[in-house]
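There are 2 protein chains.
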Amino acid sequence: MNKDIDLFLNDLASSAPTPGGGGASSLVGAVGVALCSMVANLTSGKKKYAEYQQDIEAVLEQAEGLRLRLLELIDEDARAFEPLAKAYGIPKDNPGRDVMLEDALKGASDAPYDILCTLDACSDLVVELSTKGSRLAISDVGCAAAMISAAAKGAVMNVYINTKLMTDREYADNLNDKAITLVRSITSKCDRVYDIVAESLGGAPM
Amino acid sequence: MNKDIDLFLNDLASSAPTPGGGGASSLVGAVGVALCSMVANLTSGKKKYAEYQQDIEAVLEQAEGLRLRLLELIDEDARAFEPLAKAYGIPKDNPGRDVMLEDALKGASDAPYDILCTLDACSDLVVELSTKGSRLAISDVGCAAAMISAAAKGAVMNVYINTKLMTDREYADNLNDKAITLVRSITSKCDRVYDIVAESLGGAPM
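Note that the protein sequences, when read in sequence, are chains A and B. Quick note: the first sequence uses this note's numbering, first residue 655, plus one each step. Quick note: the second sequence uses this note's numbering, first residue 655, plus one each step.
Here chain A stands alone, though its shape is the one from the complex (with noise of 0.2 Å):
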């Protein structure tokens, strides 16, 4: 993402197809991450965490590699947009709209769906270092589940606008319960992780 944060939010705030919704989780997703490695960061080679040290550095790997991935997602969704935009400008008349169409919307909601799988595997990041992270980062733990959290609930609404125009319900509705099942367990995961760094802190739960 060679590209300034604020023409990238121009990009996105205008009527312009991409990027939307599905380029903006994947980013949200790629923040929340980006986190979790300054949280691993923080918490590499301190004497108090030495235990850990190993479980860390593998940490900072991955969380390095999803972070590249997300944001290589963001291109990946662009992308795959173009054709279900070019299919939608097809006439109506044409006999080959239909099938055009329905291959567009399933190429579309391939990109959500490879961002869910990504955020689930930053999810499992997320519960690894709210034991094992430095204390001293731990509102930074707090805020990385919410935004994995919040980056899948944005995902997965890029999986439900392409599925609901399919005709071919049985692939919609198997892919729809595919990414709830995925959204559900990001969510339960920082969900839950939120909430026990927000009462560590004094705070509250939400």
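Hints were generated in silico from the structure; no laboratory data involved. Errors might be hidden in some of the hints.
It does not matter which identical chain is used: a pair holds within one copy or between any two.
What the hints assert, rightly or not - The calculated lysine-lysine pairs, modelled on DSSO-like cross-linking and capped at a C-alpha distance of 30 Å, are:
id, residue 1, residue 2
1, Lys818, Lys760
2, Lys832, Lys657
3, Lys786, Lys746
4, Lys818, Lys832
Model the placement of chain B on the given structure of chain A, informed by the hints.
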């Protein structure tokens, strides 16, 4: 934010003191409210939503202002951390340390509290767009709701981490109460919109 997304996330991921969870929360809020602008832009000028045209124009103007404010708050949060980092560096036997630390903790909790106030205004736009925004962009309203809710949950963590260490418990408890009230206001609005949008798209509430 005249800065590459990649570079900002690298700085966030590092062990450098800023940016941290507060700036990350403000960025996630900016992504959410940029989606509000996008929905307003996709609704504006459409015949089907002509009755809401004036309201949509007002939403767009507010959303653009709130996005700028959230981007400013990334820098304000970073600047407010500097005196805190300095206070931590003062030797513990220095008699002036406690007062400087207390002042720095109060200063460092201002930016995350301001982020919450800004996000509360963002959440009102989400509610308005959920009924007046183009149905073609309804998944983006759901994404915005998830992100603004998460930004609030992240920002309040950065109030807690400062209030926890304050010796003036009346000030700390009062600030915590005000912050929690704001987060509950934001998340209750956003989470309700999220669930309504998810169900309207054939998905599941979370």
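For each hint, the structure was consulted:
In the homo-oligomer, the alpha carbons of Lys818 and Lys760 lie at most 30 Å apart inside one protomer (11 Å), although the nearest pairing across protomers, at 49 Å, exceeds that limit. When the C-alpha separation of Lys832 and Lys657 is checked against a cutoff of 30 Å, the pair qualifies neither within a copy, at 33 Å, nor between copies, at 37 Å. With identical chains, the CA atoms of Lys786 and Lys746 are at most 30 Å apart between copies only, with a shortest distance of 27 Å across copies and 57 Å within one. For the identical chains of this complex, Lys818 and Lys832 are intra-copy neighbours only, at 15 Å inside a copy versus 41 Å across copies, given an alpha-carbon limit of 30 Å.
Violated hints amount to a single one, hint 2; each of the other numbered hints is respected by the structure.
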